[in-house]
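Asks: As a plain string of letters, each chain reads:
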Amino acid sequence: GESVGLHLPTLSVQEGDNSIINCAYSNSASDYFIWYKQESGKGPQFIIDIRSNMDKRQGQRVTVLLNKTVKHLSLQIAATQPGDSAVYFCADHLSGNTGKLIFGQGTTLQVKP
Amino acid sequence: KAGVTQTPRYLIKTRGQQVTLSCSPISGHRSVSWYQQTPGQGLQFLFEYFSETQRNKGNFPGRFSGRQFSNSRSEMNVSTLELGDSALYLCASSYDGGYTFGSGTRLTVV
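Protein chains in written order, with the working numbering: chain F, 1 to 113; chain R, 1001 to 1110.
Fair warning: there could be bad hints in the mix.
Unchecked claim - Quick list of simulated restraints, FRET-style, between CB atoms:
id : chain 1 : residue 1 : chain 2 : residue 2 : range
1  : R       : Gln1054   : F       : Pro113    : 44 to 50 angstroms
2  : R       : Ile1012   : F       : Asp55     : 46 to 52 angstroms
3  : R       : Gly1058   : F       : Asn53     : 35 to 41 angstroms
Source of the hints: derived by calculation from the structure; they are not laboratory data. Ideal placement from N, C-alpha and C gives every residue a C-beta, glycine not left out.
Put together the whole structure using the sequences plus the hints.
Replies: Structure follows, in structure tokens:
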């Protein structure tokens, strides 16, 4: 079946450190991956995405790495700030499966001052 | 550019009642997807509409239905509410693969 999993439900880091949030997916036909950030009382907010023909993509303070061999992706946040505290989800889109994202369970990132 | 607007933000309903939630997508976006978010099951796909047609559907009972209007606004309806329907209902609008979510409607069934 299709599923997306995250390795840790909670990640606690010191302000200024780098954070790495991991995600595993099961369907080798997945062609598009998105990372979302969700703060309390809000909907998921797009952070960064990557297509299956790429291994790495960088944004502002964030980097996503995709390893198709082991079906794993990660989100790296540089110089983590208190405002980064939230729940982070990876989501997986199957080619042709319109509108449907498969979400992982989420990792709560706690940033200690 | 206005984001995705969901109304109402909060709802309290009684078991057995029905409810209708609304989603206005980003201007120009013709695809609207609906998701249910609960602590136990996480985010689960309900259905997706494009140009007033349902293109995709998740594994939810027939009590969950939706529709889309010619202006791309979408509604979802849940009939015969059960306690387990209490959740945050999110919609996402899409233009070319990117999915932008609204803030959701928090439904509580008592």
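Asks: Work down the list of hints and note, for each, if the structure agrees.
Replies: For each hint, the structure was consulted:
1. R/Gln1054 / F/Pro113: 44 to 50 angstroms: Check passed, 47 angstroms falls within 44 to 50 angstroms.
2. R/Ile1012 / F/Asp55: 46 to 52 angstroms: For R/Ile1012 and F/Asp55 the Cβ distance comes to about 48 angstroms; the hint holds.
3. R/Gly1058 / F/Asn53: 35 to 41 angstroms: violated, 27 angstroms
Violation of the numbered hints given earlier is confined to hint 3; every other hint is satisfied by the structure.
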